[in-house]
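**Q** Sequence:
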Amino acid sequence: MKSEPDVFSIDDLKARPNGTSGWDGVRNYQARNFMRDEMKAGDRVLFYHSNAKPPGIAGLAEVVSEQPYPDPSQFKPDSDYYDPKATEAKPRWMQVDVAYRAHLPQFIPLDRIKEDEELQEMLVAKKGQRLSIQPVEPAHFLRVCEMAGLSVDDVEAAYGRD
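Numbering (the working numbering), first residue to last: 40 to 201.
Hints are not guaranteed to be accurate.
[Stated by the list, open to error] Simulated pairs of lysine-lysine, DSS-like, Cα-Cα distance not exceeding 27 Å:
1) Lys115 x Lys79
2) Lys53 x Lys79
3) Lys115 x Lys166
4) Lys166 x Lys53
These aren't lab readings, by the way, just hints derived from the structure by calculation.
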C-alpha cells in the first residue's frame, strides 16, 4: 500500500489510536477493485512511501477490518476525496482498516528493489506500475523483510504470531 509521506506516513499510522486507520482516498478503479475483492483481515502490508526522495518501503502494517466498507470521504463535499456521483445507497469507493505493525529497521528504496534479482517480478519494480494498492507475493514480502534486516521470527513477532 502506497502513501505520500507528507500526506500520511508510517509514523502517522503508528500515531493513530491503536495504530489503526481507515485507508481512504483510493480513487483508482483497479486499486479499488483489488481492495474490495481481494483484501481481507490478516493480510500483511508493505507500507510504501511514494512521491518521496527516495520512494520505498518504510514499514509493515496489517489489514484489520473484516471486509472493505464504503469510504466516508466520498460523501463529504468538503473532502479532497468527495465524489458527487457516490451515494450512500451506491457507494463508488471502498476502504479497509489498516494497523501499524513495525517500522523496517532499514528503509528499502525503490532502486534497491529494482536491483534485487529476487524482486524483478514484484509489481512495484515494473515500469508503469503506479497503483496505490498492489498485491505482493509472499516470497517478495519475505525478501523485502530480509533486505530490511528482519528475520522470519521478527516478522512473525511484528504480527503477534510468535
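**Q** Just to be careful, I want the Cα atoms of Lys53 and Lys79 compared with a cutoff of 27 Å; is the pair within it?
**A** holds (20 Å)
**Q** Verify the proposed pairing of Lys115 with Lys166, using a straight-line Cα cut of 27 Å.
**A** The given pair, whose Cα atoms are some 34 Å apart, is violated under the 27 Å limit.
**Q** For the pair supplied as a hint, Lys115 and Lys79, confirm whether the alpha-carbon distance does not exceed 27 Å.
**A** The hint holds at about 26 Å.
**Q** Just to be careful, I want the Cα atoms of Lys166 and Lys53 compared with a cutoff of 27 Å; is the pair within it?
**A** The hint is violated at about 30 Å.
Of the numbered hints listed earlier, those contradicted by the structure are 3 and 4.
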